[in-house]
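Peer 1: Go ahead and model the full structure; you've got the sequences and the hints to work with.
Per the numbering used here, the very first residue in the sequence shown carries number 65; after that it's consecutive.
Read the hints as simulated data drawn from the structure, not as lab findings.
Built from N, CA and C at the ideal position, the CB exists for glycine as well.
Accuracy of the hints is not assured; some may be wrong.
FRET-style restraints, in silico, Cβ to Cβ [claimed, not checked]:
(1) E739 with D773: 53 to 63 Å
(2) E671 with G573: 27 to 37 Å
(3) V236 with I522: 39 to 49 Å
(4) T661 with Q835: 33 to 43 Å
(5) G834 with E492: 55 to 65 Å
(6) L740 with N897: 36 to 46 Å
(7) A85 with T661: 44 to 54 Å
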Amino acid sequence: MGNKILKFLKTNAVGFFLTLASIVVVSLAHWVGIFDILELKSYDYRFANVRGPLTGWSARDSTYIKRGTNVVLVEVDDEAWRLMPEAWPYPRGTVWGRIVRNLSLAGAKVICFDIQFDSPEMKSDYLRQFAEESGDTTLKKIIPEHGDVILGKEIAAARERGTTVILSTKLVKEPNRVPPEYIAQPVPDIMAGHPETGLINDMLDADQFSRQYNIFGYLDYQPDKVYLTLGMKAVKAYLGIPDTAVPHFDPENLTWHYGPLDILSYGKVNNFLTNYYGPPSGYKLPEEFHVPAWGTFPRYSVAYVIDNADIQLRDPEEDIDWMDQFIPGQIPDWIQAIEDPEERQQMMDLMGLGASFDITKSPFYNKIVIIGVAVEVIHDTKSTPFYNYMGRQQLTPGMETHANAIQTMLDQNWIRVFGGRVTDLFYEYPMSHSYLIALLAFIALLLLLLANPIIAGILILLEGLTYFAIVAGVFTQDLLWFPKMILSRILPKSFVAAHHAALTAHLPGPGESLVLPLVAPLAGMILTYTSIVIYRYVNEQKDKKFLKSTFGAYISPELIDQMYEQKQEPKLGGDSGIKTAYFTDIQSFSSFSELLTAAQLVELLNEYLTVMTDVLLQEGGTLDKYEGDAIVAFFGAPLPMEDHAYRACLTALGMQRELGRLRKKWEEEGEKWPELVHNMRMRIGINSGEIVTGNMGSRTRMNYTMMGDVVNTAARLEASGKQYGIYIQVTKETLELAGWEKFAYREIDKVRVVGKSEAVETYELLGERGQLTEQQEEMIARYQEGMEHYRSQRWGEAIRCFEQSEALEEVFPKRPTTPSRVYLERCRHFQANPPGEDWDGIWVLTSK
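Peer 2: Okay, here's the thing in structure tokens:
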């Protein structure tokens, strides 16, 4: 054994060397970040094209929609641009202060501003300065309180109502300042309301896309003091995490622990991957698509949230006091304008206003409300994994990066990453990635050792597609995503629509998405294949041409390639020995062809033959060929085996058992398959004896097959089984070799099959010994007693026994007859027409 291994390694030393070199080169390239951009784009592909949105109208199912989101967006959008009575930037007192009050009264639990207030409000300062310079005391009295002061007071009032307001801060670096880093806080007048604050510094990848989210930041000269980000502060307030809690890192599990949160970090840093729930909520496809905005998160315009009875929007027709319906004690003007008191009361009851007011119906009740800018002219937009969703470039408002991060944390919907991270690996390279690269590279090498470069190339392409399918499947937790996607594109649209649920990939549950590196392992596989093929082309083509010119006249090119790899010469002829022939066929298969479409027939046959062939190969059988629905196989060659007959019998029982499972599966699939498929049956014929196996055929084309009289008999047994209504028919020779004591069986007949002169003693194989039911055991006993009377020409006793066994026979649809029924008819025939004393008990079959 050691010499064989050493010889194998020497023979393929160059291939192993090139494979190892490919692994090292690709691992180094992966380490220094050469594949990072491609890896990031493949990551985005998994969001936009594999999994798709989790929420919004375009989500594949309602898993997350039913759960609901905890985040609501209040946007400075195009409607606000058009309807707001004030110009941008909006006054902090009359606009933002009022919005804080309205949202707080409407039940919001947390209000987050993705807008900075780190400098005093210019409008208030200008008005006060003008009043001072004019000396007009009346003007001084009518100028409202400073906007920053009003906003601070509204924040304090909101806190009293149970609403936490969180304002944005930013970590600023100014090299010429001492110290060069500081946190830009809101102005003191606003901070007098004691709001919470959170950092909003961007976390961008190499391609300037937003995929990660900071847990906290810190100043270089104060590394022990952490400043939580806006999203973290929102979750802290929402979950009631105490101020004493501090994030601490578990490097072994790459997890940040913070209160009840276990945040799965992206490597050994204070970031995590945001699980984006969908494309930008407010983005809408062009009118020709006739679809609404994506609606990933519920969104409302600032113009409507500020719209109370004492606020006049620019368009009177749209000034409906929208927000009053969610504030206790407030009734919109349009309802009060209803003249009929009864009709007005009905509308109030319908809207849940007045005495029937229910604040839980507010869209802001117990929600985290993020206030920010969604109009692109302000340029607060980000590129996210859904940037190219549905083939449209869609920038996401910066406020939604916080929304997605917050929802990720609240749902514990972390993105798990194999090895901790897949990009920026220079300081923390996971060796598990090299193991993956090596795995795909060595599989490519193995395929190159087993097949010629073209076939190996196709197989390696399939290897790459399989790996891609696995990468996509583990991300969406549906390993059938890739075949489902292919089928959805190649099958008729009507069929796809009818089987939408079956052809739609599942959405992963919270925390189930797993990211595997894609580019580097595929690069290792491709480099391995390319380097070895080039080497072979340069060094081996001459020898291959010589072999083809020498042997190409009488063997197939495939065998030449095999001979070249194994350094063997093909031989015509075969090897004779005691082996077992094995035939199967589907009962009444022509009826299937009449009822099923071509596509259905192919699908059904592929599933059936795959399962049956797996059973055959598991028992060491050799597949000779498929003939339509029939399987032709044998046991005992090319690898000799002492128990070939025993294995053949086990295979027959295993196939019937698996067919039973398939019938149940097809029936559970409902109307996809007709009743005929639900009742599919298969006949099997097995015979053992002298069989010739080997490469047989012409000088230009050979096939490894079998031939001999034993083979023909096995084929006749399979076909003749229908005359007895049995589904596994074996010869006495097979049972003797397999072991009588190992199986349950019953005698079927001594027959002279069509085309044969000698009688064959056959049996029905029913199962392994000790595995039959009591009814089956009783049926065999009565049947065998009947056979003894039959052989002794005691027709009356035989009829009595066969009537008893017939009552115990298994009954199922499409069974044409049973052995008991066959012998009942024979006994009655012989009772009326005795065969004579010299009768040998042999029955002659007149048809196949």
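Peer 1: Could you run down the list of hints and mark each one as holding or not?
Peer 2: Structure-based check of all given hints:
The supplied range of 53 to 63 Å is broken by E739 and D773, whose beta-carbon atoms lie about 40 Å from each other. The hinted window of 27 to 37 Å between E671 and G573 holds, with their beta carbons roughly 28 Å apart. Restraint check, V236 to I522: a C-beta distance of roughly 57 Å breaks the suggested window 39 to 49 Å. Our hint of 33 to 43 Å for T661 and Q835 holds, since their Cβ atoms are close to 39 Å apart.
Range check, G834 to E492: Cβ separation about 59 Å, and the 55 to 65 Å hint holds. Distance hint for L740 and N897: a CB-CB separation of about 38 Å, consistent with the stated range 36 to 46 Å. Taking the beta carbon of each, A85 and T661 are about 51 Å apart, inside 44 to 54 Å as hinted.
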